[in-house]
Amino acid sequence: MTTTTAALPHNTTSRFAVSARALLFMLRARALLVLLALLVLFSILAPSFLTANNLSILAKHVAISAILAIGMTFVILTGGIDLSVGSVAGLAGMVIGYLLTEGVKIGETIHYPSVFIAIVITIIVCMLVGVLNGSLIAKAGVAPFIATLGTLYVARGTALLISGGKTFPNLAGMPSRGNTGFPAFGQSFLLGLPLPVWMMLVLFAIATLVAVRTPLGRQVYAIGGNQRAAVLLGIKVARVKIFTYIASAFCAALVGLVIASQLEAAHPATGESFELNAIAAVVLGGTSLMGGRGSIAGTLIGACVIGVLSDGLVMLGTSEFWQMVIKGTVIVLAVAIDQLQARVQARFLPILLQARTEAE
Amino acid sequence: MHVTRRAFFSVGMGTVLSVSACHREKVSRPLMVIVVPSLDNPFFRAEASTAVALAGSLGYRVRVDAHDDDAYRQDNLIDSAIASNAATIILDNAGADSSIAAVQRATRKSIPCFLMDREIAVEGIAKAQIIADNDQGARIVATEFARGLGPDGGEYAELLGRESDTNAQVRTRGFHAVLDEQKNLVRVAAQSANWSQSEAFQKAETILQAHRNLRGIIAGNDAMALGAMAAVKSAGQTGIVITGFDGSPEAIAAIRAGDLRATTLQPAVAIARLAVNEADRFLKTGSTDKTERQLIPCDLVTRTNAGEYGEFEKVR
Chain A
19 MTTTTAALPH NTTSRFAVSA RALLFMLRAR ALLVLLALLV LFSILAPSFL TANNLSILAK
79 HVAISAILAI GMTFVILTGG IDLSVGSVAG LAGMVIGYLL TEGVKIGETI HYPSVFIAIV
139 ITIIVCMLVG VLNGSLIAKA GVAPFIATLG TLYVARGTAL LISGGKTFPN LAGMPSRGNT
199 GFPAFGQSFL LGLPLPVWMM LVLFAIATLV AVRTPLGRQV YAIGGNQRAA VLLGIKVARV
259 KIFTYIASAF CAALVGLVIA SQLEAAHPAT GESFELNAIA AVVLGGTSLM GGRGSIAGTL
319 IGACVIGVLS DGLVMLGTSE FWQMVIKGTV IVLAVAIDQL QARVQARFLP ILLQARTEAE
Chain B
-6 MHVTRRAFFS VGMGTVLSVS ACHREKVSRP LMVIVVPSLD NPFFRAEAST AVALAGSLGY
54 RVRVDAHDDD AYRQDNLIDS AIASNAATII LDNAGADSSI AAVQRATRKS IPCFLMDREI
114 AVEGIAKAQI IADNDQGARI VATEFARGLG PDGGEYAELL GRESDTNAQV RTRGFHAVLD
174 EQKNLVRVAA QSANWSQSEA FQKAETILQA HRNLRGIIAG NDAMALGAMA AVKSAGQTGI
234 VITGFDGSPE AIAAIRAGDL RATTLQPAVA IARLAVNEAD RFLKTGSTDK TERQLIPCDL
294 VTRTNAGEYG EFEKVR
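Here the protein sequences come in this chain order: A and B. First residue of the first sequence? That's 19 in the numbering used here, and the numbers climb one at a time after it. First residue of the second sequence? That's -6 in the numbering used here, and the numbers climb one at a time after it.
In short, the hints are calculated from the structure, not lab data. The beta-carbon is built from N, C-alpha and C at its ideal position, and this holds for glycine as well. Please note: incorrect hints may appear among the correct ones.
[What the hints assert, rightly or not] Pairs of lysine-lysine, DSS-like flavour, derived with a Cα cap of 30 Å:
| hint | chain 1 | residue 1 | chain 2 | residue 2 |
| --- | --- | --- | --- | --- |
| 1 | B | K307 | B | K102 |
| 2 | A | K184 | B | K283 |
| 3 | B | K307 | B | K283 |
| 4 | A | K184 | A | K123 |
| 5 | B | K102 | A | K184 |
| 6 | B | K102 | B | K226 |
[Unchecked claim] Residues of chain B placed beyond 10 Å of chain A at every Cβ, according to the derived structure:
| hint | residue |
| --- | --- |
| 7 | P35 |
| 8 | A80 |
| 9 | S91 |
| 10 | R98 |
| 11 | H169 |
| 12 | K176 |
| 13 | A182 |
| 14 | Q184 |
| 15 | R205 |
| 16 | S227 |
| 17 | N270 |
| 18 | R286 |
| 19 | L293 |
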């Protein structure tokens, strides 16, 4: 290849390099471009799409899949997958529902934990599922797909067992029990933005810092890039992997709590197929399912694409069936373009390098 | 999905012990297999637990399964009922057309099938079809919905159930038979929320943004109505008329509080009792003495009569 490009006259090479660079940029920023295109499209087609109120609600809907997807990104970066997040979100709702409406029986008396304690207990329970996932995968050597498929069923079954299949209503609590205030978790506003959106932003900031600036983040990438090399480098692979699954379960717990709080009710089937939305957001954001390549920022954009797409289509009154077809098409196209990018990059990289050396 | 089975079994086992103590029978008691769509939905739970309790007290061994509205899963459950030599099957089926073959197969193996709540599209196979009249139920709640919107009418949105389910289709047809007659009512949005409260919450939030003049939301079941109610509350809007369908205790509580306008109560308890009693009579006498198709009307529940209803039955 270098021989053919070397034969080209000087100015052709640099012009070629400029357009190649532009093409590469567009392919890299594809999710962002799709997002912008969707925003423009829906703003034109649906008059009330671009109102502050709607954008705030849209952000709240995006937060649900973005929070799940941020945790999922770490897992996928190590080359794993976490199918259990939807069930864990359902489990979180049922645990907090039980704690707030049934309480904890110690001896003969029933104690109702305060909302803060109940939230902490719920998150701990869910993180234990993450510990289980991580241990099964990193210590027992079970394939991530299978291990988390197993915990998907276990967590869902447990969620159903907690109430015997019933919904826990009235999660607003009672003053006499000292457990009021849970609805604020998902419904309150801070500086004009819904609280779940803040959770998403804070998680995003922390996750980006961890991924880019800490040894832990670099180890996550290293494991996904080449696990054997990571082991030889002395990275504690098992510990890092377990961390990623705990992070994912933590995010799932937050989502379950937010939904239960918004509805002031907990239904054991909540969160079904959420894992697929989260995985789609991660992949749309350019993270490779093989691990080692991707970013938290990409994931956030991916979640925005999915959120904007589904809310926009609802506003336009598109039928559920078409929504499914369109969503599926967007996901498949995104991954196809991802492959195209890899190939274009391999094709043009030598030209770009040559153009740079010639410029010098 | 089979979580409550253990609870049902313990009820059943209690009766097993007492019955066998009285009769000291050597022959194992006949098996009644009860198949319902799900056990995490309050309506089907009420239906299943009523059927289990009654069947147990009539001296049957009982097994409860859920098909999750999946006709293929239902098929497997019917096969396993045939393999276990069930004396009879009480079925709340997974689809009017997709369930015919399964009922046919059981009937050929001389296991009489009794359908409750939902019908199948053919007659002459099942021994009885005790059907909650969804069409009539949809019409009465739609009439109340239109009354709630008042003589001026206005824009409304519809939340549909899973659109591949027979009942989602029957209910929306019933709604429109009434609402389309009223020229001043305009349906500005229709979305499926797949019977789910959280999905209905998100979709209703978006619909409320797209349509500022929305005056009502008619929902295909109570869970979706409660989700829409939460969305209206979260948007800080008042005066939006919301109706549900099913008559769940949560919906009735919301009607009493004035947050929901109305719902349709399907008498699940009465339907389950009828199905089990007719199956029992058929097994003992060879006939139900009734016509196959029996339509059970639904009740409209509003603020004025909400106090008269308990868990899927009229208590006063």
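Quick rundown of the hints versus the structure:
no., hint, result
1, B:K307 with B:K102, "violated (38 Å)"
2, A:K184 with B:K283, "violated (34 Å)"
3, B:K307 with B:K283, "holds (23 Å)"
4, A:K184 with A:K123, "holds (20 Å)"
5, B:K102 with A:K184, "violated (35 Å)"
6, B:K102 with B:K226, "violated (54 Å)"
7, P35, "violated (7 Å)"
8, A80, "holds (26 Å)"
9, S91, "holds (18 Å)"
10, R98, "holds (28 Å)"
11, H169, "holds (16 Å)"
12, K176, "holds (21 Å)"
13, A182, "violated (5 Å)"
14, Q184, "violated (6 Å)"
15, R205, "violated (7 Å)"
16, S227, "violated (6 Å)"
17, N270, "holds (25 Å)"
18, R286, "holds (30 Å)"
19, L293, "holds (22 Å)"
Comparing the model with each earlier hint shows violations of hints 1, 2, 5, 6, 7, 13, 14, 15 and 16; every other hint is respected.
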